Amino acid sequence: MTAKIKPSKGAPYARILGVGGYRPTRVVPNEEILKHIDSSDEWIRSRSGIATRHWAGPDETVATMSVEAGGKAIADAGLSPEQIGAVIVSTVSHFKQTPAIATEIAHLLGTGKPAAFDISAGCAGFGYGLALAKGMITDGSAEHVLVIGVERLSDLTDLEDRATAFLFGDGAGAVVVGPSKEPAIGPTVWGSEGDKSDTITQTLPWDVYRDQDSAEVRYPALRQEGQAVFRWAVYEMAKVAQQALDEAGVAPEDLDAFIPHQANMRIIDSMIKTLKLPEHVTVARDVETTGNTSAASIPLAMERLLATGQAKSGDTALVIGFGAGLVYAATVVTLP
Amino acid sequence: MAATQEEILEGLAEIVNEIAGIPTEDVLLDKSFTDDLDVDSLSMVEVVVAAEERFDVKIPDDDVKNLKTVGDAVDYILKHQG
Ligand SMILES: CC(C)(COP(=O)(O)OP(=O)(O)OC[C@H]1O[C@@H](n2cnc3c(N)ncnc32)[C@H](O)[C@@H]1OP(=O)(O)O)[C@@H](O)C(=O)NCCC(=O)NCCS
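Protein chains in written order, with UniProt numbering: chain A, 1 to 336; chain B, 1 to 82.
Treat the hints loosely; a few may be bogus.
Restricting the straight-line Cα-Cα distance to at most 20 Å, the calculated cross-link-like pairs of lysine to any residue (SDA-like) are [claimed, not checked]:
#1 A:239 <-> A:221
#2 A:96 <-> A:218
#3 B:65 <-> A:228
#4 A:276 <-> B:50
#5 A:273 <-> B:22
#6 A:312 <-> A:239
#7 A:273 <-> B:65
#8 A:96 <-> A:72
#9 A:273 <-> B:63
#10 A:72 <-> B:24
#11 A:4 <-> B:76
#12 B:58 <-> A:218
#13 B:65 <-> A:310
#14 A:9 <-> A:96
#15 A:276 <-> B:20
#16 A:196 <-> B:54
#17 A:276 <-> B:54
#18 A:273 <-> A:312
For each label pair, taking beta carbons as the anchor points, the in silico distance ranges come out as [as the list claims (entries may be wrong)]:
#19 B:32 <-> A:225: 38 to 46 Å
#20 B:75 <-> A:99: 36 to 44 Å
#21 A:246 <-> B:82: 49 to 57 Å
#22 A:2 <-> B:53: 50 to 58 Å
#23 B:75 <-> A:29: 41 to 49 Å
#24 B:40 <-> A:97: 36 to 44 Å
#25 A:249 <-> B:30: 21 to 29 Å
#26 B:41 <-> A:308: 31 to 39 Å
#27 B:82 <-> A:211: 30 to 38 Å
#28 B:53 <-> A:141: 37 to 45 Å
#29 B:32 <-> A:57: 43 to 51 Å
#30 A:211 <-> B:2: 35 to 43 Å
Calculated from the structure, these hints are not laboratory results.
For clarity, every value in this text was computed on a predicted model and none was experimentally measured.
For each residue, glycine too, the CB sits at the ideal point set by N, CA and C.
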């Protein structure tokens, strides 16, 4: 017999209630990168906008950085850890496939027994997590969801690769998403282009280490076809950002802040031009001192804009993440 | 209708002006993008993307490397425009 199933009842809408970030203590200037590659501070700054990045020390693990950022986000939301009903962690640099690092992080935060799982969506991971969190809250499967983006990309950086050695950084950024009376997270415009999966990728799968003498194999690192990715980002991603604005019914003039994935200042500048963002829109330029921290970059940049007073609670922000997959996710949010 | 050499040069000059801030009258056939016009490898990608839209042509990454001068780009577009 087909029994009648009681429907779940969620909140009418969802919003970001709090944000938190963690940046490793060690600051790595371009000069240090130049010990390994033939380049210059001027070249790195002009092609990427990056001056310094943070690299994690041995005690700054994916878990500890996440707990720092997550704890701050929970406090910023005015909640206590037990009120978190789900923990979503997006990362590509947690090197133990199972169990999910989210369960350990949830435990270390003192959250009780929330649903907890990891997602792998590269530099779009934050947007993917946010979309899931919003769905869980409006569906009623969780009241408050902690979304964490965390990376230790220094572990996956080939210091001798001229095309990537200077790009990546480490850190964690987190938001708490919860119920709202008003819409405060717009429709998510997201997707994937698997035909371009080779343009950003880990050089080798882990099982190579099982199958070959590990002394003979170089440890995996991230590789990318810089120009192809740059072209995709400036051309296709500006369209995705525009679509997110359109679907949210928000005009560029109505925006207070633009918080794109912090991959490269040149991509950010190009997007601002294509989107014709007015002067008054505050643009996150965290990449200058943070580098590309993949899934962590948007919440880290959001936290910094709010902490420095460049943006304030209630402001309307366009966020867009894009990267390895290739994957992307864009939406419009009300800042916490 | 396919654009003439003159129209392509004029269009490219506007694109280079928009992207690199170089006055349109300085964008001449014999000018090198990187050495004369302050268009580095990443600005070049932006120029190419804009040119593709404007002239209905596809310029793959591998071909971009060969477009050293404005004249190279104009010839390429003349030959490949849809
Ligand atoms: C990585 C990136 C900065 C490289 O810039 P690029 O212009 O594509 O670099 P190229 O490899 O085409 O090289 C251009 C020139 O710079 C030189 N170059 C390359 N790397 C260099 C370095 N680290 N230092 C100095 N010169 C360098 C090359 O030799 C080449 O010189 P040439 O023209 O005289 O031969 C750029 O492609 C990029 O940022 N792309 C987007 C990547 C990204 O953000 N990915 C993450 C998305 S999540």
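**Request:** Could you tell me whether the CB distance from residue 246 of chain A to residue 82 of chain B stays inside 49 to 57 Å?
**Result:** For residue 246 of chain A and residue 82 of chain B the Cβ distance comes to about 28 Å; the hint is violated.
**Message:** Need the status of pair residue 312 of chain A, residue 239 of chain A: alpha-carbon distance at most 20 Å?
**Reply:** Violated - the C-alpha atoms of residue 239 of chain A and residue 312 of chain A are around 27 Å apart, more than 20 Å.
**Prompt:** If you draw a straight line from the CA of residue 4 of chain A to the CA of residue 76 of chain B, is it 20 Å or shorter?
**Reply:** Roughly 66 Å between the alpha carbons, so the hint for residue 4 of chain A and residue 76 of chain B is violated.
**Message:** Hinted pair, alpha-carbon criterion (20 Å max): residue 65 of chain B, residue 310 of chain A. Please report holds or violated.
**Reply:** The given pair, whose Cα atoms are some 40 Å apart, is violated under the 20 Å limit.
**Prompt:** Going straight from one Cα to the other, do residue 276 of chain A and residue 54 of chain B come out at no more than 20 Å?
**Reply:** holds, 18 Å
**20 Å limit on alpha-carbon distance, applied to hinted pair residue 72 of chain A and residue 24 of chain B** = violated, 51 Å
**Prompt:** Is it true that the CA of residue 65 of chain B sits at most 20 Å from the CA of residue 228 of chain A?
**Reply:** holds, 12 Å
**Asked** Within 38 to 46 Å or not, the Cβ separation of residue 32 of chain B and residue 225 of chain A?
**Response** For residue 32 of chain B and residue 225 of chain A the Cβ distance comes to about 24 Å; the hint is violated.
**Request:** Please work out if residue 273 of chain A and residue 63 of chain B have their alpha carbons no farther apart than 20 Å.
**Result:** violated, 25 Å
**Asked** Given the proposed pairing of residue 273 of chain A with residue 22 of chain B, does the C-alpha separation stay at or below 20 Å?
**Response** holds, 16 Å
**Request:** Assess, step by step, whether the Cα of residue 96 of chain A is no farther than 20 Å from the Cα of residue 218 of chain A, and give holds or violated.
**Result:** holds, 19 Å
**Message:** Just to be careful, I want the Cα atoms of residue 239 of chain A and residue 221 of chain A compared with a cutoff of 20 Å; is the pair within it?
**Reply:** Measuring from Cα to Cα gives roughly 30 Å; hence the hint is violated.
This entry does not satisfy hints 1, 6, 7, 8, 9, 10, 11, 12, 13, 14, 16, 18, 19, 20, 21, 25, 27, 30, going by the numbered hints stated previously.
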